[in-house]
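Q: Residue numbers (the UniProt record's numbering), protein chains in the order written: chain H, 1 to 352; chain W, 1 to 352; chain C, 1 to 352; chain R, 1 to 352.
Possibly wrong hints are sitting among the right ones.
Copies of the same chain look alike in the list, so a pair counts if it works inside one copy or between any two.
No more than 20 Å apart at the CA atoms, straight line, and that leaves these computed lysine to any residue pairs for SDA-like [stated by the list, open to error]:
#	residue 1	residue 2
1	Lys214	Asn38
2	Lys214	Gly347
3	Lys60	Ala94
4	Lys75	His19
5	Lys299	Thr57
6	Lys214	Arg148
7	Lys214	His350
8	Lys163	Ala249
9	Lys214	Ile117
These are calculated hints, taken from the structure and not from any lab test.
4 protein chains.
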Amino acid sequence: MAGSTYGEVFKLTTFGESHGEAVGVIVDGVTPGVEIDNAYIQKQMDRRKPGQSSVTTPRKEYDTINIVSGIYDGKTTGTPMCILLYNTDMKPEAYDDIRNAFRPGHADYTYLQKYGIRDHRGSGRASGRETAGRVAAGAVARKLLERRGVEIVAYTKSLGGIKCETYDESYIEQNPVRACDPVAAEKMINRIHELAAAGDSCGGIVECRIRGVKPGIGEPVFDKLDAELAKAMLSIGAVKGIEFGAGFAAAEMLGSEHNDPMDASGFLSNNAGGIVGGISNGAEIVFRVVVKPTSSISKPQQTMNVRGEEQTIVTIGRHDPSICPRIIPVVEAMASIVLEDLYKRQGALHDQ
Amino acid sequence: MAGSTYGEVFKLTTFGESHGEAVGVIVDGVTPGVEIDNAYIQKQMDRRKPGQSSVTTPRKEYDTINIVSGIYDGKTTGTPMCILLYNTDMKPEAYDDIRNAFRPGHADYTYLQKYGIRDHRGSGRASGRETAGRVAAGAVARKLLERRGVEIVAYTKSLGGIKCETYDESYIEQNPVRACDPVAAEKMINRIHELAAAGDSCGGIVECRIRGVKPGIGEPVFDKLDAELAKAMLSIGAVKGIEFGAGFAAAEMLGSEHNDPMDASGFLSNNAGGIVGGISNGAEIVFRVVVKPTSSISKPQQTMNVRGEEQTIVTIGRHDPSICPRIIPVVEAMASIVLEDLYKRQGALHDQ
Amino acid sequence: MAGSTYGEVFKLTTFGESHGEAVGVIVDGVTPGVEIDNAYIQKQMDRRKPGQSSVTTPRKEYDTINIVSGIYDGKTTGTPMCILLYNTDMKPEAYDDIRNAFRPGHADYTYLQKYGIRDHRGSGRASGRETAGRVAAGAVARKLLERRGVEIVAYTKSLGGIKCETYDESYIEQNPVRACDPVAAEKMINRIHELAAAGDSCGGIVECRIRGVKPGIGEPVFDKLDAELAKAMLSIGAVKGIEFGAGFAAAEMLGSEHNDPMDASGFLSNNAGGIVGGISNGAEIVFRVVVKPTSSISKPQQTMNVRGEEQTIVTIGRHDPSICPRIIPVVEAMASIVLEDLYKRQGALHDQ
Amino acid sequence: MAGSTYGEVFKLTTFGESHGEAVGVIVDGVTPGVEIDNAYIQKQMDRRKPGQSSVTTPRKEYDTINIVSGIYDGKTTGTPMCILLYNTDMKPEAYDDIRNAFRPGHADYTYLQKYGIRDHRGSGRASGRETAGRVAAGAVARKLLERRGVEIVAYTKSLGGIKCETYDESYIEQNPVRACDPVAAEKMINRIHELAAAGDSCGGIVECRIRGVKPGIGEPVFDKLDAELAKAMLSIGAVKGIEFGAGFAAAEMLGSEHNDPMDASGFLSNNAGGIVGGISNGAEIVFRVVVKPTSSISKPQQTMNVRGEEQTIVTIGRHDPSICPRIIPVVEAMASIVLEDLYKRQGALHDQ
């Protein structure tokens with residue numbers, strides 16, 4: 001109800017504030033008896049962690065996972081896993097001047113309106129740091145999905161107006177912006193360095209492809225596979241839109257163009273993005289999300305404070321000029337969680 | 001779990017197949033003591049019903065609501081409302097030839113894969129007819145939101161490649177395509193007639209504006225207002241994408257452009273679309289959804305049948321060349337349901 | 001949230017008031033492809049229906065089921081089943097004199113306090129008639145459980161102070177009070193006739209035995225099998241307590257007496273009632289519920305009215321002197337629903 | 001779904017095993033802006049903790065709470081509270097000999113059947129230690145209820161066959177068995193010492209009284225106040241039954257005796273235990289639970305092991321001869337959680 005929980009069978013609850021003692025996650029509904037290697041989870045954490053390259057924030061969080069429960073003798077027990085990530089490189093004093101001012105693009109104003117109180121230090125609960133718990137839970141889901149033959153990969157499709165023109169999957173984890181096109185990647189890195197120098201930030205588009213999902217996954221009519229993915233993606237702070245398959249381009253297509261014909265080998269096109277009637281059809285699942293420019297910039301901006309006075313604000317602190325590179329493991333994590341949950345729901349329906 | 005239910009406090013469950021006895025909805029969690037005029041609900045049903053104009057399917061459903069429970073002496077009692085809509089103009093025999101073939105763009109294949117069995121008549125549960133129950137429930141939510149001062153309006157923004165250039169809200173319900181621009185509307189109507197003659201269909205974009213939502217609505221971190229709206233919209237069969245405020249255009253914006261500055265009177269721009277950190281900020285909520293071209297077309301298409309044989313299919317039957325005009329009341333209904341539910345969740349949080 | 005729904009995977013929602021148009025139920029999460037014979041469900045309805053013998057209320061409801069959705073060609077489709085039971089023998093005018101007075105033992109006062117409004121006719125939503133929907137849903141669950149080899153039987157263990165001393169399962173459905181002891185049954189019937197003549201009513205105890213449940217069913221820590229059964233039973237209006245296995249007698253036992261020892265063949269006693277740590281252990285599940293005396297009696301009672309004035313009330317109308325005989329199918333239905341839901345949850349946990 | 005979560009608005013999720021790193025709880029849906037004194041929560045922890053007197057287990061857990069999130073500047077923020085309780089006095093080696101044997105009365109066998117794997121150390125997740133998290137969450141609920149004027153008190157009503165004959169509320173926390181009768185308390189203490197010496201244990205009855213609940217709390221039809229309390233109480237490992245008001249005695253009462261008459265001042269008796277139709281009626285809420293004898297006894301018992309062989313077992317370790325004294329704060333905690341959640345649900349229903 002209070003919104004910190006996602007999932008019905010494979011279920012996670014995140015907790016923690018950016019500058020509190022720790023952030024973390026509870027994962028319940030985990031298949032028992034599955035070997036989970038700590039390094040497997042840590043690897044995903046490291047893809048999200050700050051300070052990993054010149055294009056990300058210099059905040060130094062080691063994000064070393066601490067599994068408090070749910071594992072015995074290296075295997076899941078089926079009881080809830082609690083994974084803690086202690087906050088280490090906190091500078092709450094850096095936020096003293098925003099205690100009373102509302103930073104444009106941030107949730108400062110809306111949190112105060114909602115709760116009547118807020119923990120302003122580093123955005124508190126609204127911080128992107130909350131997603132660390134999601135990535136830990138997502139790694140557990142990813143492990144379970146591997147056993148089902150499901151593969152998930154996300155990457156930067158465009159950033160700061162620069163678009164990928166080629167697709168080289170092997171290159172994605174080889175460049176700090178996680179772009180799928182080596183030429184575009186180079187330009188994106190330069191763009192980020194320019195923006196960092198100018199105290200500004202930029203948006204981008206992240207694309208996600210999911211292979212190996214069997215047909216039949218997704219629950220009509222409200223918990224459709226695309227509806228659940230849309231919710232999961234829009235629950236990531238910086239995401240402002242999502243489209244599946246042909247997406248918004250479908251607005252200018254005819255039915256005779258958009259419908260995917262079939263032959264005995266399967267679908268001959270994929271305008272549907274692998275989902276029809278909210279259920280996977282066995283084709284590759286493809287969606288794109290738009291990531292807004294980072295709200296924290298050091299250019300002066302006009303705003304209001306809690307006393308209703310107008311003022312100028314400069315958001316100092318340590319920030320990513322573009323969120324795309326570090327949002328990618330979060331997109332993959334949420335996609336993994338959605339899929340593992342819906343697989344288990346399909347299992348429940350057919351249980352004899 | 002099985003996906004026929006949406007909402008936590010204000011909660012609806014739809015049921016029924018296109019060519020069964022009836023479709024309908026249960027609405028639970030309704031504020032007690034509210035006067036509900038049957039005509040108020042019926043008005044919304046009439047906006048969605050087939051056969052209302054030359055641009056919609058000729059299937060004739062009167063969609064007369066039958067409130068079975070939850071109302072006494074003209075007022076809600078707080079107990080579940082069951083609203084039934086009997087199916088009247090059914091022609092199941094029209095679907096005999098698709099009993100074994102998978103229509104491109106339809107959920108025929110995916111339903112069979114999911115359930116191992118399906119009611120093929122008029123798409124069964126996957127039919128757009130299922131949304132009739134949502135519109136009935138949405139009318140109840142709309143009534144409750146009116147008491148809160150919330151106003152919701154959706155309209156066709158583009159259709160078949162024709163875009164609205166002006167915005168005249170008073171004109172929306174005056175034209176059969178529900179466009180916001182009289183000039184564009186005329187062109188759209190002609191386009192639909194052409195496509196109907198050619199046995200084809202087209203996509204479009206529907207935009208929705210919501211005014212009067214107080215700041216503070218939406219639940220961090222998974223049940224954000226935009227996440228819930230995204231889920232609700234993508235749960236509508238033909239919707240393939242959603243964007244809020246500046247939407248996908250944010251991919252090419254800088255932080256200094258996208259952030260909405262504030263002064264003492266409020267926000268000076270609305271790139272956020274009225275939602276920051278998943279919580280309403282008091283500005284107008286604006287989102288757009290892309291509606292795919294109607295899957296049912298009478299042009300021959302290549303497909304497969306249940307025996308794995310390739311065949312050609314012509315989808316006869318009675319269909320809308322564009323779903324936009326009739327999807328608009330469904331978009332408004334789902335938006336109403338999302339908001340009323342989140343308002344009540346905010347009420348629960350602050351209840352003393 | 002509003003409380004009309006039970007279950008996580010196998011899920012039902014009831015609706016309807018005693019003297020409205022109909023009562024009914026939505027069942028979602030039904031295994032697809034299962035043959036459901038209407039007569040199978042109707043048989044359970046007939047066990048609950050009023051007017052079935054001299055010991056029950058003379059209200060005449062035929063309770064003929066009307067399956068609106070979720071079945072095609074005699075098989076479940078996996079989509080929600082809506083089952084309607086029209087109200088036929090209504091005498092709302094019989095309730096005119098209680099429009100303003102609170103009947104002792106009834107929910108008149110509490111409903112008004114909760115909702116600020118109520119449908120007083122025949123107790124409205126608080127009527128035992130609401131359980132008709134549960135019995136219909138329970139019959140679906142029972143069908144699914146039969147495929148798993150699970151058998152559920154409930155019976156009157158004591159009534160009006162008369163206790164069963166023997167156990168003859170084959171006799172239970174042969175006598176109108178559904179007692180398990182022919183000698184006690186005769187006395188119970190006479191007791192009921194006496195009480196009916198005196199305008200009074202009596203309580204009793206119903207026992208339930210469930211056989212064939214495999215070990216491992218039930219979800220630690222809050223959704224234990226006994227916790228779910230307790231909730232389900234206490235959700236039946238007239239039930240005021242429940243005990244498992246040795247039950248309240250355990251208060252005077254030693255650990256060395258209460259612990260059930262095992263040998264290679266299984267458990268050597270069953271003080272646990274088949275449930276340990278909230279999980280089935282493979283032994284027979286045994287519980288007892290206490291059923292309060294029917295609240296509606298024709299003896300004059302002291303009460304208050306909505307204006308705060310004291311008055312005397314005589315509850316006329318048509319009522320059961322003891323609820324035990326007709327509550328038995330409701331107890332079995334709720335037990336079936338709990339078990340089918342937990343079986344499916346176990347299936348979800350282990351789904352690969 | 002996996003059962004580690006309770007509540008709809010005020011919601012808790014417990015995690016952790018008896019001999020893992022920690023046990024703990026996440027509490028979501030907490031009213032923001034409420035001052036929570038750490039000492040307030042710790043006081044409840046201390047009432048539950050082991051080693052507090054001669055009648056409890058000598059295991060020494062300090063159970064010092066560690067609030068990881070959800071509090072800022074001494075006040076709740078409305079975001080999830082994570083409360084950790086590190087395990088300190090663990091002796092996992094004490095459990096080596098039960099790694100393969102099923103202890104009678106314990107969940108060893110059922111957990112293995114359910115999950116196919118188990119953490120056997122100190123009963124793992126099935127340990128009573130899991131309730132520490134509930135008591136922490138219950139303290140938060142209690143704080144919120146105090147603001148509503150609600151008061152909850154539980155006490156030992158009978159233990160080892162010794163029954164309280166008088167009621168002195170001020171004495172309850174003055175004696176280690178938490179009995180309400182000084183004479184009975186003395187006998188109970190002696191009984192426990194005898195049983196400890198004999199390597200045996202005993203059961204008892206705990207009664208709970210709740211005052212100050214306004215009429216109207218509880219959700220028809222499945223989430224009745226008594227249904228939710230029943231579920232919450234039966235979710236406590238050692239509880240095997242519950243009864244409200246007159247309880248099982250109602251089986252031998254007439255309607256004219258059991259119905260509670262009213263006058264202008266309220267109800268003249270309380271056979272209903274303060275709940276009618278599943279909704280609070282403003283009278284004192286009264287229920288009793290039966291607590292089974294502690295399963296861990298040092299008398300030799302017959303059992304089976306994982307290889308299917310019969311064997312004798314002596315459960316060494318450190319255990320409470322009766323669970324009643326330490327279960328009392330757990331009963332109060334769960335009652336607090338149920339009530340705060342249902343209060344908030346009532347708030348959601350009437351939110352304007």
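Q: Next step is simple, just say for each hint if it's right about the structure.
A: Hints, one by one, checked against the model:
1. Neither within a single protomer nor between protomers do Lys214 and Asn38 lie at most 20 Å apart by alpha-carbon distance, with minima of 28 Å and 34 Å respectively.
2. In this homomeric assembly, Lys214 and Gly347 come within 20 Å of each other (Cα to Cα) both inside a single copy, at 12 Å, and across copies, at 18 Å.
3. For the identical chains of this complex, Lys60 and Ala94 are intra-copy neighbours only, at 15 Å inside a copy versus 42 Å across copies, given an alpha-carbon limit of 20 Å.
4. When the C-alpha separation of Lys75 and His19 is checked against a cutoff of 20 Å, the pair qualifies only between copies, where the shortest distance is 16 Å, while the shortest distance within a copy is 32 Å.
5. For the homomeric pair Lys299 and Thr57, the shortest alpha-carbon distance inside one copy (17 Å) is at most 20 Å, but the shortest distance between copies (54 Å) is not.
6. In this assembly of identical chains, the alpha carbons of Lys214 and Arg148 lie at most 20 Å apart only when taken from the same copy (9 Å versus 27 Å across copies).
7. Taking CA atoms no more than 20 Å apart as the test, Lys214 paired with His350 passes in both settings, with 15 Å inside one copy and 18 Å between copies.
8. For the homomeric pair Lys163 and Ala249, the shortest alpha-carbon distances inside one copy (17 Å) and between copies (13 Å) are both at most 20 Å.
9. In this assembly of identical chains, the alpha carbons of Lys214 and Ile117 lie at most 20 Å apart only when taken from different copies (17 Å versus 46 Å within one copy).
Comparing the model with each earlier hint shows a violation of hint 1 alone; every other hint is respected.
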